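Take the sequences, apply the hints, and build the full model.
For reference, the chains in residue letters:
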Amino acid sequence: MTSVERQLRAECRRLLEDKEVDVILGYGRGTLPLRTAPVFARQAADVDNLVWDVTCENSLAVYVPRLAGQRIAIVAKGCDGRWIAEQISENQVSRDNVTVIAVPCAGVISRRKLAEATGYKPIMSGVIQGDTVAVAGTDWEQVLPISDLLEEACKSCIYKGAPFADIDLGRVDSTGSDGFPDVALFSQLNGEERWQAFSAEVDKCVRCYACRQACPGCFCKVCFVDKSNPTIIGVTDDKSDAMVFHLVRALHLAGRCVDCGACEKACPTGVNLRMLNRKLQKDARELFGHTAGLDPDEKPMISSYRPDDPEDFIM
Amino acid sequence: MGAKVCDLNRVAELLGQWADSRTVVVPGAPPENSGFVPFDGKWNALLPGTTVRSVKDLLFAQSDMLFGYELEDGAVKFTEAAVPEEVVAVGVRPCDARAITMLDPVFCEDPDLYDPAYQARRDRTTLVVIGCNVVGSGCFCTGIGGDPHGKQGADLFITELEDRLLLEAVTDKGEALLSAAVLTDASAEDMEQSKVVTGTAREMIELPIEGLKEKLDNMFDHDIWSQLHETCLGCGVCTYLCPTCHCFDVTDERRGEAYQRLRTWDSCQFTLFTLHGSGHNPRPTTQERLRQRFMHKLNYYPDKHGVSACVGCGRCVNNCPVNIDIREIIRQIGGVTA
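Just so you know, the protein sequences line up as chains A and B, in that order. The first sequence begins at 1 in my numbering and counts up by one. The second sequence begins at 316 in my numbering and counts up by one.
Simulated from the structure, these hints should not be mistaken for lab results. Quick caveat, the model's predicted, so the values are computed rather than measured. Heads up, some of the hints might be wrong.
Said to hold, decoys possible - The calculated lysine-lysine pairs, modelled on BS3-like cross-linking and capped at a C-alpha distance of 27 angstroms, are:
1) K299(A) x K113(A)
2) K466(B) x K510(B)
3) K204(A) x K619(B)
4) K510(B) x K121(A)
5) K204(A) x K299(A)
6) K392(B) x K530(B)
7) K239(A) x K282(A)
8) K113(A) x K282(A)
9) K155(A) x K121(A)
10) K239(A) x K227(A)
11) K113(A) x K357(B)
12) K530(B) x K121(A)
13) K282(A) x K204(A)
14) K299(A) x K239(A)
15) K619(B) x K121(A)
Here is the structure:
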């Protein structure tokens, strides 16, 4: 047990024993090597299952809108903390009902990158050793630097700590700035090349909606894809239908997406789901000076109007 | 049924010979490809375990046109769906082939009542199964009645020997593939060796599936579902990747002046799956929907067809974004005392 885990369990035990919260959203051991999973702790005894390490990839804030009315504590990476700020700003949860437990996060391991780095050989065990991870199969072993395995969303993350915390178990300092180099690179492609790149991603989509369900920002009671009378979008995995899904979902997240990467992690077929969202994050910052999830008291971007908002794209 | 042998360095040639008269598909290379892709002339040894997308995609497509229709001179004119091409799927795993034998009773068991889209593809697809010599991540076929070298559902069964492939025909469709010129007759020694190589793949986990279905008969209202469901996101990953899952929706879509009736995948994990026209939804939360998935797999399907509809391929285990694990659930059900 690490010292952060020790403190985490002690704080969570206290929160439950003192009945300060109804449920704690945290991470527990998974059933596969190097895998943790979301856990809901409601009894003091449950806190012994709580862990914190570089495999804690899930965006726990996704559960907050569906626990409306309950007093929630959440083990928060920087991105989870930013989602809570955004959800408070959008009236999905009240500040009084959330206890943010900030944990130090410098990024999480990508299961996809780990599989590729180990040649897709079955991994039977994995141990985190400081800044490396040692994996082994039935007749092989490999040691990999964690920095080579970080999720893409973590690599570009500059807001590494939750913007506010009720319990602070340590936060990695936010450093540098995000110049959106990935978006700049994509912008160098001409129209036809962009179409091909986007089509190639969309071709992988099977319309499982894992991206939508994993996203803490997708909490509509009825999603636009499920509407009929009138039907807004076709249901097939045909490019024409799948493209509309991705374009509209990205637009629904404009000014809201904190770039946690939950979508990308959840997608079973490896669609590059952040491709569009990154561009919209850049637009939000450059056009409207807005970055999602930094201030729970800030009004949502799309529902704010300032007289000096740029209009050159309208007229 | 015949048995032949192919040297490992001539497998690409063999597939090329099959590709003369059919479309040959093989497991695609990750990360760009999650399922079966057209054979491009190069044969790579299979990765352990399965492809992310299963072979069910070839028979039960994500979207399939059932028929088309339009108005012409005041009458409805129907168009039939295009006839699918002849496909040979090479590199199917035994779990996936076994899964097809569980889709068949649903879609085409009755010659008078069958799904024409599924039947058309089924008739024109040959399944060339390659047995597993090593266990993949998340695999548990032996724990649920499967066999890493099982021939159920295969048309042609391949065992990977050290420097060659042993090909054994299981059906007439498989027999037809053995006429490829590059193949040579299998020897008694080849057959002996195939019995030896199964090795570690058969030493898999055990699961308490004995009496599982009977236990679940009395567990519809059990507490276990209220404990298991909370972390479920309600996405469709488990059902879409599962080689035996087969729920679908039927919609009509307009394309220009003509219409198509489409069958597309649906999922019991989606919120609106059981929404009635009245507005009532008998499965309103993840609790009822999660229960449905496991009851269907482990109780309702066995009731109708005699076997659990889980083949132990491990896809749901590996790909569930929140690590809900059917093996764990089976163990927990097994631990429930009446």
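K530(B) and K121(A): Cα distance at most 27 angstroms?
violated (36 angstroms)
Straight-line Cα separation of K619(B) and K121(A) no greater than 27 angstroms?
Violated, because 37 angstroms separates the two Cα atoms, which is more than 27 angstroms.
Would you check the hint for K299(A) and K239(A), treating anything up to 27 angstroms between C-alpha atoms as holding?
Judged against 27 angstroms, a Cα distance of about 35 angstroms means the pair is violated.
Hint check: K155(A) vs K121(A), CA-CA at most 27 angstroms. Holds or violated?
Since the Cα atoms of K155(A) and K121(A) sit roughly 25 angstroms apart, the hinted pair holds (cutoff 27 angstroms).
Does K239(A) pair with K282(A) here, judged by a C-alpha cut-off of 27 angstroms?
holds (26 angstroms)
Just to be careful, I want the Cα atoms of K510(B) and K121(A) compared with a cutoff of 27 angstroms; is the pair within it?
Judged against 27 angstroms, a Cα distance of about 24 angstroms means the pair holds.
What's the verdict on K282(A) and K204(A), does the C-alpha distance respect the 27 angstroms limit or exceed it?
holds (25 angstroms)
Taken at face value, is the distance from the CA of K299(A) to the CA of K204(A) at most 27 angstroms?
With Cα atoms ~36 angstroms apart, K204(A) and K299(A) exceed 27 angstroms; violated.
Measure nothing beyond the straight line between the CA atoms of K299(A) and K113(A); if it is 27 angstroms or shorter, mark the hint as holding.
violated (37 angstroms)
Is the hinted pair K239(A) and K227(A) satisfied, with a Cα-Cα distance of at most 27 angstroms?
holds (20 angstroms)
Hint consistency between K204(A) and K619(B) [alpha-carbon to alpha-carbon, up to 27 angstroms]:
The given pair, whose Cα atoms are some 34 angstroms apart, is violated under the 27 angstroms limit.
Does K282(A) sit within 27 angstroms of K113(A), going by the straight-line distance between their CA atoms?
At roughly 25 angstroms apart (the allowed maximum being 27 angstroms), K282(A) and K113(A) satisfy the hint.
Against the hints set out earlier in the document, violations occur for numbers 1, 3, 5, 6, 12, 14, 15.
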